[in-house]
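Under my numbering, the first residue of the sequence shown is numbered 43, with each subsequent residue one higher.
Bear in mind the hints are in silico, worked out from the structure with no lab data behind them. Note that the structure is a prediction, hence the values are computed from the model and not measured. Note that CB positions come from ideal geometry on N, CA and C, so glycine has one too. Misleading hints may appear alongside valid ones.
Per label pair, the in silico range of CB-to-CB distance [claimed, not checked]:
1) Arg252 / His188: 21 to 29 Å
2) Lys219 / Asp451: 46 to 54 Å
3) Asp469 / Lys219: 18 to 26 Å
4) Gly86 / Leu381: 38 to 46 Å
5) Lys219 / Gly424: 44 to 52 Å
6) Arg171 / Lys330: 25 to 33 Å
7) His318 / Asp451: 39 to 47 Å
8) Asp320 / Ala348: 21 to 29 Å
9) Gly86 / His188: 15 to 23 Å
10) Ala348 / His188: 36 to 44 Å
11) Pro362 / Glu173: 21 to 29 Å
12) His318 / Tyr139: 32 to 40 Å
13) Arg328 / Gly190: 19 to 27 Å
14) Ala359 / Lys219: 26 to 34 Å
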Amino acid sequence: MADTETLMPYDEALERFEPVLGLETHVELGTESKMFCGCPTEFGAPPNTHVCPVCLALPGSLPVANAEAIESTIRIGLALNCTIAEWCRFARKNYFYPDMPKNYQISQYDEPLCTDGYLDVVVDGQTVRIEIERVHLEEDTGKSTHVGGATGRIHGADYSIVDYNRAGIPLVEIVTKPIPGTDRLAPEVARAYVTELRELMRALGVSDVRMEEGSLRCDVNVSLMPRGASEWGTRTETKNVNSLRSVERAVRGEIERQAAILADGGRIIQETRHFHEDTGRTTSGRSKEEAQDYRYFPEPDLLPMAPDPEWVASLKAELPELPSVRRGRLQAEWGVSDLDMAAMHNADAIDLVEATVAAGAPAADARKWWMGELARRANEAGKPLAELPITPAEVARVTELVASGALNDKLARQVLEGVLAGEGSPDDVVAKRGLQVVNDEGELLAIIDKVLAENADAADKVRSGKVAAAGALVGGVMKASRGKADAARARELILEKLGVS
């Protein structure tokens with residue numbers, strides 16, 4: 043049998059096997075209070091300060107369901123084209139672990155709030171429909187920290203501490219049906235789905251979906267079956283993947299790992315696995331070969347839910363413009379190609395470009411600066427575009443200065459550099475650095491005379507009809523003016539000087 047760390051090259055793996063995906067995404071709702079008590083949900087508070095008898099499961103405490111969380115879950119279901127249950131209820135999911143103070147979790151089992159939906163994503167020009175099995179509402183667990191040891195996990199730790207601030211925060215779980223047929227695009231499809239889901243949650247205003255804070259996390263299920271087979275393979279579940287890039291890498295890594303095992307005659311163990319950001323690989327977690335009995339039963343301390351169909355219809359009518367619809371509208375308004383729109387989407391630049399256009403910039407100019415110079419700067423800094431210390435209004439002002447002739451593109455890049463460095467607004471940077479374009483024609487002519495005198499051979503070529511040689515002269519003017527000259531006007535004046543019409 044192949045060593046579990048052996049990987050098969052991705053292309054070879056896909057020649058021999060077909061992947062089947064399944065994605066379980068957890069979204070912490072942005073309610074002000076927890077799911078079944080009044081404790082606040084603010085992230086980053088000192089440990090065990092946002093707790094009360096209910097979320098600590100003290101004797102005699104009783105839960106009360108958060109109405110806003112129920113409404114938010116229904117809105118999510120509607121946006122995902124789900125059927126909303128006319129009657130459903132909570133259930134107790136019994137398990138014993140320190141991060142769940144009750145030793146059971148209030149969740150939903152066979153009667154979820156939302157079922158049978160779908161979400162379309164576009165990958166490599168293809169529309170892929172991801173079918174949704176269920177959307178259900180539950181409470182989040184606390185957070186365990188395992189101290190000591192090499193991995194940060196419980197095995198090998200010296201001791202563990204628990205913070206119950208997160209215990210009881212409303213948590214929506216969105217579970218897909220199995221996703222076959224993605225073939226070589228499987229990693230990209232998984233990433234595109236979680237990306238689209240994140241944007242949908244933002245549009246609905248139900249969560250901040252900050253993956254780095256755990257308010258959006260994904261369990262990635264992968265199985266392989268030989269080409270031509272009809273029976274799906276054994277799946278693994280990579281738990282709590284918390285970045286879009288990691289979702290893609292987890293799928294790719296599991297395909298490569300499972301393919302190596304199967305090709306060597308081994309078998310895949312049904313288990314949970316842990317993803318490691320530094321290597322892009324997964325390691326074994328907990329076996330799931332024997333189904334765990336959570337002993338679900340209806341929650342006796344909470345009434346069933348029976349959403350009024352008229353209320354559900356009103357929620358559907360009030361849904362905001364959904365991300366895919368918005369992208370289509372903006373693409374038509376901005377007149378950009380599918381390729382350019384996909385590039386902006388992948389770079390998380392659409393909101394920034396839209397805000398820059400709203401601040402007065404032409405769409406083409408807004409896209410040019412965000413997807414060009416600013417994207418380069420963000421990549422160098424290793425951070426998302428939205429985290430650059432520059433606002434859409436400031437980018438719009440730079441485009442205005444370029445359009446007015448006060449700046450050329452070279453000077454505009456220096457202005458952006460200054461704003462990013464904290465030197466003030468675009469106008470402040472222009473003033474402090476003296477970056478104004480040379481508009482004084484007398485000053486420009488003096489520079490041109492000097493350049494012509496220093497480049498007599500090039501000037502003679504232009505006089506003889508070799509107009510292309512003017513490019514070198516324009517370059518000399520730009521160098522002498524430290525990039526402040528208007529290149530087009532400089533060319534016109536050079537040709538006039540040399541008697542070329």
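Results of checking the hints against the structure:
no.	hint	in the structure
1	Arg252 / His188: 21 to 29 Å	holds (23 Å)
2	Lys219 / Asp451: 46 to 54 Å	holds (50 Å)
3	Asp469 / Lys219: 18 to 26 Å	violated (55 Å)
4	Gly86 / Leu381: 38 to 46 Å	holds (40 Å)
5	Lys219 / Gly424: 44 to 52 Å	violated (36 Å)
6	Arg171 / Lys330: 25 to 33 Å	holds (28 Å)
7	His318 / Asp451: 39 to 47 Å	holds (43 Å)
8	Asp320 / Ala348: 21 to 29 Å	violated (49 Å)
9	Gly86 / His188: 15 to 23 Å	holds (20 Å)
10	Ala348 / His188: 36 to 44 Å	holds (42 Å)
11	Pro362 / Glu173: 21 to 29 Å	holds (23 Å)
12	His318 / Tyr139: 32 to 40 Å	violated (22 Å)
13	Arg328 / Gly190: 19 to 27 Å	holds (20 Å)
14	Ala359 / Lys219: 26 to 34 Å	holds (27 Å)
Consistency with the previously given hints fails for numbers 3, 5, 8 and 12, ordered from lowest to highest.
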